[in-house]
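Number of protein chains: 2
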Amino acid sequence: MSCVEATPARSRNAAATRAAILKAACGRFSREGYDGASLRDLASDAGVDPALICRYFGSKEDLFAEALKNCASPPDLFGGDPKSFPERVAQMLVVEPKPEGKLEHLLMVLRSAASTKAAEIIRRNNRETFYGPLEEWLGAPDAAVRARAVAGIIMGFAVARAIDDDAMLQDGERQQLCRKVADLLRTAIG
Amino acid sequence: MSCVEATPARSRNAAATRAAILKAACGRFSREGYDGASLRDLASDAGVDPALICRYFGSKEDLFAEALKNCASPPDLFGGDPKSFPERVAQMLVVEPKPEGKLEHLLMVLRSAASTKAAEIIRRNNRETFYGPLEEWLGAPDAAVRARAVAGIIMGFAVARAIDDDAMLQDGERQQLCRKVADLLRTAIG
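As given, the protein sequences belong to chains P and E, one line each in that order.
Just so it is clear: in the first sequence, position 169 is 169 by the UniProt record's numbering, and no numbers are missing.
Just so it is clear: in the second sequence, position 67 is 67 by the UniProt record's numbering, and no numbers are missing.
If you're looking for bench data, these hints aren't it; they were derived computationally from the structure.
In this text, a Cβ means the ideal position worked out from N, Cα and C, and glycines have one as well.
A hint or two may mislead.
To be verified - Pairs of lysine-lysine, DSSO-like flavour, derived with a Cα cap of 27 Å:
#1 E/Lys69 x E/Lys117
#2 E/Lys98 x E/Lys69
#3 E/Lys69 x E/Lys23
#4 E/Lys98 x P/Lys117
#5 P/Lys60 x P/Lys98
#6 E/Lys23 x P/Lys98
Stated by the list, open to error - Chain P regions said to be covered by chain E (calculated; three or more residues, Cβ under 8 Å):
#7 50-57
#8 146-153
#9 179-189
Same shape as in the complex, but just chain P (with noise of 0.2 Å):
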């Protein structure tokens, strides 16, 4: 019997029940923006009674914090050789297939960037799961300023390549591109 099998039902429906929650979850607040969306219609796209979302997530605070981390899911920008990151990190945003789900954590910030609630708790997952490592990685001096160059070309390339991929570029001039990327994102480091 394999470890998949053995789990028990209680927890595959738990299991299942909360990733329906976080789906319906990133859906409602990339649209409505965290003061918009209510609970109540959260919990009706997710086909569950809302007093489940409590119970698995505690409160709206809590749901977003969780939904923030699980639909960026961010590749492991900072574990692979310094001295590769700008070739690397290029290559990713100009030339690599676009990863799924980007744009819904992009619309989730946006849109509630406005609430002093989820600006907040947005600031906080930022800091976690990108600022603070990267600025680790980076070290003195001027870590803040230089992860806050990277954050902006990292950003800009993504929003980019999201509204018009492929509309302009023909073969060769991604490639330049993409060196270009590189070019920039070394100056941002140094």
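Here the structure of chain P is known, so what remains is to put chain E in place on it, guided by the hints.
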């Protein structure tokens, strides 16, 4: 009698109706995307009869194109002295107060990018209002690649700022970031 008072009531009403429809369109398209937004709901937001939308704007495509233009109001980026471009744009992105309405334009574009009809209108609008003038201004060689690099930087720092402006940088760091963004723009253009 001033020029404003001399405007016939009919034109004043027409202008107000047009503006109300465009405002409602920016709101609906940015929340629900091109495919999701119905002209009926949009008319209800604007407090007008749905037939008026067709009379004023033609089709849904035409309204979307007009809303994109109306909701963007980009600053005159490529009008000044080319030499001062990196410093001028960095200042705008990092130091000057955030422009109003930018976020709604971005949400409208991101939310609608998955729609085939909307994507074509977005690309045409980007070409006409942004990439076209920018490529002409940059000139040969590789104008398309360099324009794309400039666009990625502008987009990225605008979005990063919309998400967590002021959350991370001290005053001195903001000036440092401004110089860094100017360096990035020079790298993008060069």
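- Tell me, which hint numbers fail for this structure? Structure breaks hints 5, 6, 7.
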